[in-house]
Each structure stands twice: as C-alpha cells, then as structure tokens.
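Asks: Sequences and hints are given; from them, build the entire structure.
Given next are the chains, with one letter for each unit.
Protein chains: 2
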Amino acid sequence: MTQTLDFQSIILSLQHFWAEQGCLIWQPYYQQVGAGTLNPATSLRVLGPEPWNVAYVEPSIRPDDGRYGENPNRMQMHYQFQVILKPDPGNPQELYLRSLAALGIDPRQHDLRFVEDNWESPALGAWGLGWEVWLDGQEITQFTYFQQAGGTPVDPVAVEITYGLDRIAIALQRVHGFTEIRWNTAPQGGNSLTAGDVNLQGEREHSTYYFDVADVERLKKMYDLYEQEAAACLDKKLVLPAHDYVLKCSHTFNVLDSRGAIGLTERQAFFGRMRELSRRVAESYLEQRQQLEYPWLQEDAAASAAAVETTLPSPAAAAAPAPLLIEIGSEELPVGDLAAALEQLRTRLPALLDELRLAHGPVRVQGTPRRLVAYVEDVAPGQPDLEQVVKGPPADRAFDALGQPTKAGEGFARSKGVEIADLQVREIDGGRYVTALVRQAGRPAAQVLAEALPGLVASLRFDKSMRWNRSNVAFSRPLRWLLALLGQQAIPFEYAGLRAGSRTRGLRFYQPEEFTIQDAAAYFRFLEEQGILLDAEARKASIQSQVAALAASVGGQAADEPGLLAEVTDLVEAPKALRGSFDPTHLSLPREVLISVMKKHQRYFPVFKRGGQTELLPYYITIANKPATGSQPFEGGELIVEGNDHVIRARFADADFFVRDDRKHKLVDFLPRLGTLVFQARLGSMLDKSRRVTALVEALAGTLGLEGEARATALRAAELCKADLATHMVVEMTSLQGIMGREYALQSGESPAVAQAIYEHYLPRYAGDALPATRPGLAVSLADRLDSLSGLFAAGLAPTGTKDPFAQRRAALGLVQILLAGEMDFDLRPALQAAAQHLPLPASAETQAACLDFIVERLRNLLLESGLRHDAVEAVVAAQRHNPGLAGRAVHQLAAWVARPDWHTILPAYARCVRIIRSAAPGEAAVPVEPSAFVEPAEQELYAALQQTEQAPRQPGSVDDLLNAFLPMIPAVDRFFEKVLVMAEDPQVRHNRLALLGRIAALAEGVVDFSRLEGF
Amino acid sequence: MTQTLDFQSIILSLQHFWAEQGCLIWQPYYQQVGAGTLNPATSLRVLGPEPWNVAYVEPSIRPDDGRYGENPNRMQMHYQFQVILKPDPGNPQELYLRSLAALGIDPRQHDLRFVEDNWESPALGAWGLGWEVWLDGQEITQFTYFQQAGGTPVDPVAVEITYGLDRIAIALQRVHGFTEIRWNTAPQGGNSLTAGDVNLQGEREHSTYYFDVADVERLKKMYDLYEQEAAACLDKKLVLPAHDYVLKCSHTFNVLDSRGAIGLTERQAFFGRMRELSRRVAESYLEQRQQLEYPWLQEDAAASAAAVETTLPSPAAAAAPAPLLIEIGSEELPVGDLAAALEQLRTRLPALLDELRLAHGPVRVQGTPRRLVAYVEDVAPGQPDLEQVVKGPPADRAFDALGQPTKAGEGFARSKGVEIADLQVREIDGGRYVTALVRQAGRPAAQVLAEALPGLVASLRFDKSMRWNRSNVAFSRPLRWLLALLGQQAIPFEYAGLRAGSRTRGLRFYQPEEFTIQDAAAYFRFLEEQGILLDAEARKASIQSQVAALAASVGGQAADEPGLLAEVTDLVEAPKALRGSFDPTHLSLPREVLISVMKKHQRYFPVFKRGGQTELLPYYITIANKPATGSQPFEGGELIVEGNDHVIRARFADADFFVRDDRKHKLVDFLPRLGTLVFQARLGSMLDKSRRVTALVEALAGTLGLEGEARATALRAAELCKADLATHMVVEMTSLQGIMGREYALQSGESPAVAQAIYEHYLPRYAGDALPATRPGLAVSLADRLDSLSGLFAAGLAPTGTKDPFAQRRAALGLVQILLAGEMDFDLRPALQAAAQHLPLPASAETQAACLDFIVERLRNLLLESGLRHDAVEAVVAAQRHNPGLAGRAVHQLAAWVARPDWHTILPAYARCVRIIRSAAPGEAAVPVEPSAFVEPAEQELYAALQQTEQAPRQPGSVDDLLNAFLPMIPAVDRFFEKVLVMAEDPQVRHNRLALLGRIAALAEGVVDFSRLEGF
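Quick mapping for you: the protein sequence lines, in order, are chains A and B. Per the numbering used here, residue 8 is the first one in the first sequence, and the count goes up by one each step. Per the numbering used here, residue 8 is the first one in the second sequence, and the count goes up by one each step.
In short, the hints are calculated from the structure, not lab data. Where hints are given, some of them may not hold.
It does not matter which identical chain is used: a pair holds within one copy or between any two.
[To be verified] Below are the DSSO-like pairs computed for lysine-lysine, each with C-alpha atoms no more than 27 Å apart in a straight line:
no.: 1; residue 1: Lys228; residue 2: Lys243
no.: 2; residue 1: Lys471; residue 2: Lys810
no.: 3; residue 1: Lys547; residue 2: Lys607
no.: 4; residue 1: Lys244; residue 2: Lys671
no.: 5; residue 1: Lys227; residue 2: Lys243
no.: 6; residue 1: Lys607; residue 2: Lys471
no.: 7; residue 1: Lys547; residue 2: Lys616
no.: 8; residue 1: Lys244; residue 2: Lys227
no.: 9; residue 1: Lys228; residue 2: Lys244
no.: 10; residue 1: Lys414; residue 2: Lys398
no.: 11; residue 1: Lys671; residue 2: Lys243
no.: 12; residue 1: Lys607; residue 2: Lys810
no.: 13; residue 1: Lys606; residue 2: Lys471
Replies: Encoded structure:
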C-alpha cells in the first residue's frame, strides 16, 4: 500500500485539482466564520448574474461544537474546503468524484453515495438542495445547489461543494480521531506533526473559553457595537466592511449561545437583526455589481453567444409498431421524489399517448435514484387520420335565401380549409347549422412524441424542486441525460439544456459511464450487465434476501424494517449488502441507541439473535451501491466494511461519550437547561412547557381518574418528561427522546412507573405506534398535546395547507388515537380551556374553537379511514365531536345498528318525530309537555312510553343505550302517528303534541344526529 | 518565453517547495493581522526550545497603508508568505533562493541582493537582524533571524522569511501594479481574473472605512472590551483565546490610528497595554509548553545526540615560511559591520601573530559583504624556542646554610621542570634569588594558529550582533564557512559549528558555489575568475569608472557621491554598473525627490547633464552584484534593467501620487495633522513643538536683530516649519523634510522668503551641509534646536553613551555651527531660559546647566577638530562657553596671538599680574584701588596705563581688542614688577597694589582665561 496523503497534501491536491478546473484559489477569511459559506467569496460572490468559480480552505469556528479536544470528530474548529462553481458546469458531481480520486480514493473500491440533504440558513436568507456525500458510510462532503442567498434567487445557480477535510483525512489515513491526523510528512527522520500536535491545545483552550470563561456582558456589548458599525458601513454602501461586522456579530452570537446566555426572546431578536443586516449587505452588493455593469459577465456572455444554434432533425416515420423507451437521467433523486416521479409518470404517460392518439400496448414505469424509465410496448408508428365534423354558423346565415353562400359561410369554409361545396347542413340540437368535415392526417409517432415529451418531463412535480442551469427549468435534482427511443429510432427533443438521444449511463464508477444503445432490448441488457435493478421490487427482494443471508451466516436475523427497506431500496441502483461488525462492548448501550444509530443515521440493518428482535448481535448490514449481479459483480468490499466499521465505531463511541456524560447528572438536573431550549418564541421554553404540562395534568387528574400514587407518578413524570431534551444523547439524536428519558430516569432513581410514563408520553410517535399503556403516561401524553395545540393555535400558528412545522397534525392524531383506543369519556372543551389557562398569552374563543375543529377533523378522518360508514361518522361527530373517545364508540355502535336487518323499522320511527318537529314553526315545540292537555289515548300512550325510555339508564354518548331504550317506544310512536293529527287546529293541542315529539327527538341529543343518516 | 506563474500558482509553488523542506503548511489566521508574524504559528511557536518549521500565506491588514486602490503597491491588504525555520537549517539563504528559482526566477539573470534591514516590534517585545531581499531593485522579501520575541530570547534562533507575494507577482508577471496581477489562469477561453478583479473594490471600501467611516468612540470601546477579555483569558491561562484578543486590540488600534484618533499620551498608553498583554501571552505559552514537557523536542534532541563527535586532525609542522590565508565566510554583512570587522582584523591579526611569536611578513586584510580575508606573507613555519629566566624564592630560603636545597628550592625546581643542579642564584632588584632557565620549545605555526584563530574570530565586535545556531556564538550575521591555509596546509579549527578547511565559495549564483583551493595564490586566482573584487578600493574604482562611462554614453555625468559610493562598494562583491532610465515626464517632480528616491531608496547614481549637478537626465545607474571581470563577465542585464526601471517607475509614480495629493491642500492645512505626530510623549506633538518654536522665535527676535518683514517671515516660517511632516511625500520619505516644505509653501502662496526659511531651518542636516543663509531661516533653525535640547534635557532624555535617539548631538552641533559661522553674539543662557519657559514641563536649573554643558562639549569638539590649539580652545571656552559665536572668533584670534613671535613678551606680563593675585590671600585684592595710597611712581604709571586700557573700546569677547588694549600697558607692567614690592608689609599698601593688579587681571574676564595657556 502506498503512503496516504497527509493533511496538508490533501489540501494542496484539492487546490491543484480545482485550479485546473478553472477555479480561482482563494484564502481563508480573516474573520472567525462558522463555515466557508460565510466567506464573502461565497456569500457575496454567488449573488448576481456573474460567473464565479473559486476554491479555498476555511478553518470554520463553531463554538458550540467544542468538546475540549476529547471527541474524535467534534471540534470548535474544523477545516472545510469550499468550492463554488457558478454557473453549473454540467458535471459537478463527476468533477467532485474526480477530485476524490485525486486524493487517492478509488471510487470503485469504496461505496460513495449521494444522500439527500438540503441546506437552509434563515439568518442568511439562503437555501439550497443537494446531498451529503457518504464515503463508506461517513459523511465527507456537503453538495448543494444554491437556490437563494441574501434573500434573492441565485441565478445562475451556484454549485457549492464543502469538503469536511478532517473527516476525509480520518477516512483516508484510517485513523481514529482528529488528533491522529498526520498533518505533514517531515523529510527523513524529522518530526512529522499531527493535527493533535498543532490543534489539540487550541481545542481545549477555546472550548474552555467558549463554555466557561467568555464574559457575557462584554460580548453583548461587542455585539451591539458591531451591529452599529455594520449599519454605519451600510449607510455608506461599504459592503465588505459591513459584511465583516456581520460576521463578527455572528461569531459573537455563537459564543454567547455556547455560554447559554441567549434567552428566548433574545434569540429571535438576534436572528432578526442578523438577517436584516445580511439582507442589506446582499442588496448593496448586488447594487454595486450592477453599477459596475457586471464586469465579469462579458466574456462569458460572448462565449455563450458564440454557441452555434442547431436545429433538431426531424424523425422519420416508422413502419410498424415498436416499443417506446424513455429514460430521464438525473443526479441522485431523494427517496420521496423518486417514488413521486414514478407515480406521476405511470398516470401521465398513458394519458399522453391517448391524447396523442398513439395506439400502444402495456406501459411499464420503473426507476432508480438516477433514472426514471418508461417502457411502452407496441407503440403505433403514427397517429391515425382524424375526421371531425365541425359546427359552423346557422344554415340561414351561411347561405342567403337563394342558397348562395354569405360572407359568414365563405369565411367558415376558408377557416376550416374546405371548399364551400363541401359544407353540409346538419341538424344539431334542434337547430340547423352548416358543418365542415375536417380531415387531419395522422403524423408519425416519433414526431408527435418529440413535441410532447418535453411537456411530459416538465409536468413532473416535487415537494421541493430546484433550478440548476440556464434553461431555468425546475426538477427535483438536475437532469443530466435524456434517452428516448422508438424502436431503434432516437426521438430528438431538447429539455433542460439536454438533447435526448440514444445514450445512457451505467452504474457510477462502472464502465462505460456513457453508452449508446440500439433499442429497448439492448437497454435492458445493458442495465442487467451493469447490475442495475431498475425495478424497485426487484431491488427490495434482492436486499431482503442478501440481508437475510448475511444475518443468518452469523446466527442472526434481521428485523422486519419496512420503512428502512423502502428507503434503502431507493438509495441505490444496484444493491449489494455487506456485513460489518462492531465491538460487542457497545452492546451495553441502550438498545434503542444502537438501533437508532444504525437505522436512522447510517441506514444499516441491525442484526438480532435468531428468534427474536430483542437481543442485538454486534453486526450490522449496509447496502452499498455496487452490482451484486451483472457482468462484473462486486467482490471484496473489505475497504467499504472497514470504513463503515470505523464510522459505526465512532458513532457508538460518541454515544458512549454522551451517555456516560449524561449519567453524571440526575435527570432532574437537566431541567434548568430546558430554559434555553425554545418551544416556540411566544410560548416560551421547553421548561415553561413542561411546567404547563404538569399544571395541566393536575387540572385533568380528576377527569382522568388519577388518584393517589398514580396521580403523584403522573405529576412527577410531567415535570421530567422533557428533561432528556437537554441531554447530550438526545441533543445528538432527537429520535431517542423519551427513550433516554426513561433510561436516565431509572438511573436517577425515579420509580419505574415515572420512567415508563416519561417514555409513554411521546406515544404514539408515528402511525401504528403503541399507545400509552399506563394511566400516568396517558395523562402526560394528553396534557402535552393539549398544551401544544391550544398554545400554538392561540399564537396564531395553526397549520396551513401543507405547512405544519410544529407537527400539530401528529399531535392531534395522537390525542384522538389515545382517546379512541380507551373509548375514554373525555370532553375536549373543558380540557382545552384548562390548557389555555396556563398559556403565557390569551387564547380567544375563536382560536379555541378552531383548535377543536382541527382535532375533530383528525377524528373524522381516523374514523373514516378505519372503514366506518360515512353517514354514521357524520351522525355521531355532529353530536359528540368534543368527546372523541365516546364518539368513536358511538360510531361503531351506530354502524352496527345500521347494519341490522330491522333498521328500516327503527330509523323511520325516530325520523318521523324529528322531521315533524323540524317542519314546525320555530318555537312551536318549545313548550313543556302538558299531560292534561292530551286529547287522544295514543298521545297518552306515547307519553308513558317516553317517560319509560327517559328513565332507562344510559351511558353518556352511547348509541346502544339510546336505541335500546328507544326500541320499546316504536309501537307507541307508530300508533301515535296513526291516530293523532299532530298539526291540530287548536294551537295549544298542537304545541303540546309537538312538545311531546320534541322530547323524543331530544333523546338523541349529544349522542347522534340521525338526520345525517342515509334513509332519514 | 514561457507563461509566468499566476498569483495562485506562486502560492502553491511556495507551499510545495517548503512542504518538501519539511515545513508544516499552515493556514492564514482567522483574525485581522498586520503581518504573518502575528499568526500564533509564528508569534507563539518561535518561543521555547522546540523545533518548528512552518509556511503559510497571510493576507495582512494594515489600515494605514490603504490607498483606496489607487496606488500600485500600497494596499490595506497585502499577501505575505511566511516561513519559519527553527532551528536555523544552516543554509536558509540558499533554501530561500531555491524557492525563488522554483517560481521561475533565474537568479543568474537577475540581480538578487541581501540589503541590511533589521526588524523590531516593541509591541511584541521582539527583534531580529537580517535583510530585505532585493530583486532587481525591488524589495520582495524580509529575511530575519529572530533574536527575541515576547520579551524572551528566541533560543534556538528562528529564521523568518516573509515574502511579499504581491511584489513578487508584479515583478514576475512584469505588470505595473497590484490590480494587474493575474490571479488565476482559466482553462481555454474562460475568465482569468486579476487581483484587481477580486480585491480592488475591497481596497476602496476598506480604505474608506478605515480613513473616513470607522466610529472612533465605538472602536475605543471595542478595544477596552478586547483588552478586558484578553486579561480574563490570561487569568485562566488560556493562551490562544488571549492571543486572539490581543490581535483584535492591535487591529482596532491600527484602525483608530488611521482615523487619526490616537492622541499622544494615548498612543504610548496603548502600546504599553498591548506590550504587557503580549508579554503575558508569551509567558503563559512558555509555561504551558514547559508543563507539557516540550513534546516536540524529543526526536530532535535524540537526533542531535546521535551526531558523531569527531576530533580535529593535528596539523603537521611546515618546513619553510609560507603565506597564511584566512577567509571568514558569512551571510551578507551590513555595510558598517564589514568596515568595522576589517578594521579590527587589521589591528588584531598582527598583534595575535606577535603574541604567538610567529614571524611574518606584511599583513593584508580585505573583504566583501560575504567574506573577510586576511593574507599574511611569509609566516614562519613555527615559533622559535623560548628561553626565560624565571625568578624563584630568595636564595637563602631555597638553600639552607649548608647549601642544601630546602623544600622550597626543590619545589621551585620541580614546578619549572628543571633539575636542582640547574638552578642559579642571581641578584635581582638588590635581592638574591634562585632562578631557573626555562626553555619552551617552539610549536608548529599551524598548531598554534589552529588554537588561536577561533579566538580571533570571536574577538570581532559589532554594534549589533546576533546568534543563529546551537553554537550560540555572536556575529554580525551568520558565519557559513571558514577557510584557513598556511601554505598548502589547511589549519583545522572549529568555530560557530563550522570546521575550517580549504573550501571557499564563489560569487552567488556563479559556479562553483563551493570550491576547494590549494593555496593562497589559487584562492586569489579563483576570486579573480569569479569576478570578485576583494579590495574595497578596487571595487570603488571599478564602480566609479563604470558609472562615469555609462553616464557619459548618454551625454551625462554622475555627481560626486562619496557616501553612496562607499555604501554601494560594500554592498557587492562584484560590481557591475547598469544603466536604466525613466520616463522624462517624471523630471517635473522636485529634483530632490527624484534624487532622494534614486539615492536613498534605491542606491542608484543619478545622472546629470554634463557640466553640472543641477539638471537631471532621465537615467540612473545601479550597481548589480555581477562580475564585470573574470572568466564569465556578465553580459546583458536587460532583465535587471527592466526590473529596476519598473521599480523606479513605481516609486516615481508613488511620488507623483503623493505630490499631487499633497498639492490639493495648502501647506498650512497640514498643521492640524501635526497634532497626531508625536515629538516626544512628554513634550507633546509636532504641532505643540512648532508652536513653541514660533514663540521662541518671537522671544529671540530682538537678540537676533529680526525686525519688520524679516521678523514676520521668521514667525510665519516657524509656524509652518514642521507642516510638511504631515504630507504624504514626507511621510513616505522623511529625508525630504524641509525640501517639500519649501516646495509646498511656494505652491501655497507663501512668500519665497518664508519658503526658504522653512527649508533652511533644518540646516545643517549633516556634517558639511550648508547653513541657513537668511536671518529668518537662521532664527527658526536656532529656535527649533534650542527647543529640542532644552525640552529633551528637561524630560530627562539627555543622550547617554552611544544612545542618542533624538539626535541631540546633531542638533547641538548644528546650533554651534550656525553660531560659529556667523560669529554671532548669542548668549545661550537666556536663550535656553526662554526656551524653557514654553515647555510643557518644568526645566530645572540642573537640566538647563547640563544642556548648556552638552552644547559646550560640541563647541569644544568642533573647535578642536578644526585644528585649533587645545590650550587656546580651553582658554577661551573657559571664559565664553555660553556664547559659541564669539568664543569661536576669540579662539581664532587667540591662536593668532599665540603664534606671534613676541607672544613670549605678552603673555608673561599678563601672567605675572594674575599669578600674584591668585597666590595672595583670599580677599586681599578685593578692595577698590585708592590712587592716593600709591607709594611708588611705577604704581602711578601702571594705574594710568590701566585707565587708558580700560577706556579702549572693545567688542564683547574679542581677544584682539583685549590684547591690543593691553599691549601698551606692558612696559608699565614690567616696570611695576621691577620697582615695586607688591607684597609690602603695610597691609593697606599691599592691598592697594593687589587691587591694581586685580583690575588688570579682570580685563580678560569673559574673554579668555590665559591661565589655561601653555607658558602661563
């Protein structure tokens, strides 16, 4: 093995590489910046229309990441290598991969992946879409297409590549942490130094300074001075000096933050102030470049003007039906976008073909992260000719009385391209009109497809889409090639600056990257040889069987992980499972931590001891993007496994570090820190929230039947329920919230019941998750959700459209699920009122009502989704919306009643009572029933039956109780209507009868609104 | 011609080069620093005993150098490339020169010179010795051996090489200013950018910010906060965070300074505060490394332990007298040190040979900046044997009464290595002692020289000397080789880590760099072939003739420039004159500016029109270090001339810029800026000073006979005399003070007389310079000097030893010269008193007296140096010290009298009167003369003569008038002493006679003290 590059050689190699690509090599900035993005060489230069290609090192300072030099990967200063390519050169991924090769990373020996990761900096008014780049499981680069900066669109789009030099060096040199990175290579016998030699002391000292020494008052004063100075510079249009002060503001804020000195309201204010300054800086910069008339634009514009315009060839007509193959090649699509795009194609392509009048056979749409492929069998060589009768003006206006064509008649004929003589008069809808028979000749399929396919691609929509080049079209990720073949004929069209043709690309790093194919059969053969599995189901099956085999070979089995499996399936084109291992001592970590790290962070399949899903084995299985099949199946993979082993080792070491560190304190000791975690600006910190939840649990204790120990447990759990959010482990992996809380609570000597309630209060976390099993857990869970919902609605933050940043849908769904599951009698109205009482801001009746509506909507959906009759749901919800638990039970009961064969005898009896009331004049039924005023015996009889029914014991909201009580009355009801004329002349008699029926109608109040039922 | 490197490739090449030399490649610092030295990779890492080799770019921020991007070379940000080599690798100059070659600079085609330049940063408690490196006249690098940093010695010494990247790029790319520097090279057709593209806007904006926008109050607050934060860090021993804040202090101070916001007392206070912080940072860093037990030291120490100790061979004895050749090879010696070393060798080598008892012929000592060479003819092959009689104890104690040797006798014999029988008794100084005849065998010359030569080298002393390697010896600059040959035999000795031998080095860049020679003859032949002129006189002559020829070839002539000639002679080993030219339009600049730039900055000979020294031609002559003779005489030099042309063009463009800029204001407008220029902390600003000078001119106007217009002129000139110090041109070139003042005064509409007086007030500037020719000029000149001297003495800043930072010797000398030249009657006592009255601090009688003494000392020296008799000078100075003008005249007069043949008749007459008075009892002559009490006619006669003499008109202080008046009295004096017994019995008579003689003695009071004359 040859000597790997030392740290400084990595930098020099990257500088050389990018210089050769035409990048200007720039220097780190003379201010403390959190990332290379803040260097004006990025944050300003990406603005405006001018081209800009630059590369530079940036030692990036993030006070909060300081770990006193004790963490292998986390440092207050890490080294970034920043590249900006503007405009997109068309192949930035390939350039990037070549740069890795220049560092000695052979991509064929490693597993290199582009994993969706989008970037946003509200403080800079900036965002972009892109990926993390993974090298054998380690994130080594951030790759982003900058869409917006300084609050304005980045146009042309800039590609930002940010290498994590420390991580690359660790991976490349196969060392265990930053202190071991070999920095230089001294000549014979000299002292080679490590990053630890030169930077460890700095990590210790700066961490100490940032966390323990920095003087808050002084730093706040500095911040103010910087801000004022920045404003003064902006007033004079001094962009760069102003930017410098914004950077000083930003760093000072970061130090204050790591000192834990930023209060809630302050934080928002700080961000607002910095955002405003950044916006003004960007604005001034743009103005300035405009005034300078964009000096760097000229040559570039000239070069593009020189590009020769060519016309597309017109495809010839084919003779016989042929298969149609369309491949849309892109940079790695996010998992969700891949599925969405395939789904859209499956709908739209057949529709398009039909619209184009192209006969065709079956349509098959499949894809991988890099290609969306549609295959249509037997597409007709052309459209059939079309004959259409077109309606013209009325016959008497097209021809005069003499039968001579008028001007209107002539005009119509001309406009349709037919002779006057060919016009025919027809009777249409009872009128007489001239008509023309218009014949449209069918065009060759290739021609109409060439015209239509751009529209097909353009019609694909994504949650987030991006622009990347001059074409300014939007897509999930940049499109890089288009293939369209009808039989053996290429369908020429242009889209997104690409020209469709017969070239495709293979699996990354496998030859040939570009390949011309003859026809669909050759295409599928090519993919097969490359080991690419186009069909997601095939990939999924391959992964499952490979994972199972690898797990079995160490006496284990993989759990059923449908979510992970689906995700991984759409992360690769060619799945190759590889098994790695980790030090069994890590098995002492909480199981959920291990699983979380493996699944969430690394997309690994954990391996359990055969026969269960509780005991982990010290193995994991990763799915590399390598051919398991095809002409060059991937062998070996030791390097990939070694890299992944290193990553998981570091991750587990981190987790060990965090858990050890967390365990130094009792769970309750983390509470004060919650004061620095914002729940929401106007609703206060997480500490405020957990206090409110505690108060609410207390208020609801009676309702929820909590007494004695259970009540004490619930209160203690409420107090501690959010404490783990301040622990290292949960800060690091949010998905472990509740899990770590339970763990740490037990460690801290809390009772198992409290620990369990802490864990349960997050339940259910996702659809299908377990629900709180204990009363205290349930109480805290309800209180937490009620507080969130009432508070956020009161703060005017109700979810709108698809926006739901506080996950209120999930909160409301969980709330409803819990209530439904227990069929709990729980009235949301007083509960929301109780919640509102503790809020730091007023909750108006309207917001409370809106909140209730929102929860009811979830209830309605849940009931409908469970397959219940729509009318039954509506009937119950109309009456019991405020009490989901009872409503749920009622709907089920009602549904059962409706399904009874005698239902047609029950409902009408009740309905007659109600209907007549409703048709009466307002107020006519609003008198007390006066038994002495009854005229007919049927009245008496009904009244007696009613009294019986009214006295029957009924559970609140129970449809069964209602109807079982009502059933015996039915004969009396029927007789009543037989014998009695309700609408008697005598008002008193009439009113008394209506009042009697009103009492019957009222039996269903608060239980069900039968009028919503079909057949009412 | 191949493409020259672009800016980023220059950086990459240097990084590669130094990485290959084992340097760690570091990054620019994340703070605004004024120089790479402030990066902790230098300022801290050079401290302590550990080795450290590092190289990095440092964009250096110097607010005061901002020029709004309008100056070709001056920017608020320039790019340094910093290299630290610690310890000295033994060949840092060679490594440096190789790095230039790596940039494509062929040293044989260029003129590369090491020009003395020492570095000091009081704020960092740091200093070092070294050079500016010149490339074809352009300073491109600072090369320093760091002697002290953070107030502690740098041990081992660190070599600091600071490349000026912008200048190197300008030279290499042959462009005209920083904006034209090609930064990168875009691939085919792309946009290559210049430094102007990426940095010009920054220069404009930052200059504007630093000079016009930065808010003084806010910056002062920032400074205070930084300082407090630095102190807080230091209290916790957080070295790096503290250093960061010191850097912030430093930058903030610089910004305040460029805003003109630093007052006088403030400036000193700021410096003191920063120095103290820096000191504490350094101290803490050293402590820290010590506590870490110097982790980088081990391997290095082990490596040095492994070095094999060898012994020197013992030289054999020679047979016959042979020439001795000694060559001490060094890095380029400063001009003064070269002369001093040669002078010392000329004295010490013969003395050493004599002391070593080595007979020898003539000694010749010569040298160049790189070698000190001694050549001694006919050195004896060995010492003669030595016989010495050694005195022992007294004979009667060495032998007992029986003649037997005592223990003392035996001991003496043993100690001298002789037999008892060989002891002899001799009579010495009247006593009888045993003696031994001790014979010392002569040793071979080579042996004794080998032992003695280290001491010879070590004995050389310099004004400033330095250490550079483990040997820790001191020298002017590092010694790099030693040659010592006696005949053909090498004299082996070790010094400064070098072993002397028979190897020498040739002219830089000329092969062979190292060369073994057989004997002295071969040595001189070698030098001749190399074109090296060892003899300074030969170099001087060569320069003179080359310069004359080159000047003549363009119809010009060079001025006689002895100072420049001497300096240039000692800057090169092989002088090669080259003629360059500049744009004749620059001739419109003030002549003094042009000459100053050429001579002072560039060491060029200006070329005047033939026949005068007033009209310049647009040429200059530079002396390159290239062989004009020898086996490979240098031809061409176009590249060198082009480079120098560029430098002079840039310099003149700068001057043009400055003068144009200065001319935008009237001279008087610069006065307020003088408030920011410190004269001396306790004595205020230059503005304060010029106000004092004006007041003093007013006070002295009467004394100096200034009236009417002359007085007004003097006062106006005094007011404006320092104004030009605030102009760009003078800030840039201090030597133009007065000259620019005159120029700008005329431009501003001041009268020619005022302009002239402004110019003249600096006269005389050096020995032999002109003196003020006008009364106003003279008045301001005197007042300026009186103010300086009285003020500095009052402030306790009298010069001590060789220290004279305020050039008070020069001030006093000038003062005296002016007074002498005009034979002015000017009493220093009231003048100093008047000066004292305007000072901002009290001037005690003692400091005033000391000041007067200091001036008188200069007077005495000047008179003596002009060849006047010592006794005459003393006689007059004793009487007229306070009035140098009259004293000077008086000394000349007295000297003439003393030279008269009849002087032996004049002096005794006067002397008799004085002597008898002095021998009388105190008070005896202190009575009024009572004519009625005269007894003898001779008394009467003398009294009458005295009255005559006393009434003769006399100019103050005039010896002539005194003696001419006295001459007629001499017969009466003689007669008086013949006839009269002065010391009569009768006290009244005696006292009267003594009083008469006292009146005669008093004639000389305030004129001369004859008693100081020889023969008195």
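Asks: Is the C-alpha distance from lysine 227 to lysine 243 at most 27 Å within one copy, between copies, in both cases, or in neither?
Replies: both (25 Å within a copy, 21 Å between copies)
Asks: Have a look at lysine 606 and lysine 471 and pick one of within, between, both or neither, based on CA distance no larger than 27 Å.
Replies: within (25 Å within a copy, 70 Å between copies)
Asks: Classify it for me, lysine 414 with lysine 398: is the Cα-Cα distance of at most 27 Å met within a copy, between copies, both or neither?
Replies: within (16 Å within a copy, 158 Å between copies)
Asks: Is it within a copy, between copies, both, or neither that the alpha carbon of lysine 607 lies no farther than 27 Å from that of lysine 471?
Replies: Result: close within a single copy only, 22 Å intra versus 68 Å inter.
Asks: When Cα atoms must be at most 27 Å apart, do lysine 547 and lysine 616 count as within-copy, between-copy, both, or neither?
Replies: Intra 23 Å, inter 94 Å, cutoff 27 Å: intra-copy only.
Asks: Have a look at lysine 547 and lysine 607 and pick one of within, between, both or neither, based on CA distance no larger than 27 Å.
Replies: So lysine 547 and lysine 607 pass the 27 Å test inside one copy only (18 Å; across, 82 Å).
Asks: With identical chains treated as interchangeable, where does the CA-CA distance between lysine 244 and lysine 671 reach 27 Å or less: within a copy, between copies, both, or neither?
Replies: Classified as between: cross-chain Cα gap 26 Å, same-chain 52 Å, threshold 27 Å.
Asks: Can you give me the call for lysine 471 and lysine 810, within, between, both or neither, at a CA distance of at most 27 Å?
Replies: The answer is within: 13 Å in one copy meets 27 Å, while 76 Å across copies does not.
Asks: Is it within, between, both or neither when you check lysine 607 against lysine 810 at 27 Å Cα-Cα?
Replies: within (24 Å within a copy, 74 Å between copies)
Asks: Is it within, between, both or neither when you check lysine 228 against lysine 243 at 27 Å Cα-Cα?
Replies: For lysine 228 and lysine 243, the Cα distance is within 27 Å both inside one copy (23 Å) and across copies (22 Å).
Asks: Which holds for lysine 244 with lysine 227 at a C-alpha limit of 27 Å: within a copy, between copies, both or neither?
Replies: Result: close both inside a copy and across copies, 25 Å intra and 23 Å inter.
Asks: For the identical chains here, do lysine 671 and lysine 243 meet the 27 Å Cα criterion within one copy, between copies, both, or neither?
Replies: Result: close only across copies, 24 Å inter versus 53 Å intra.
The structure shown violates none of the earlier numbered hints.
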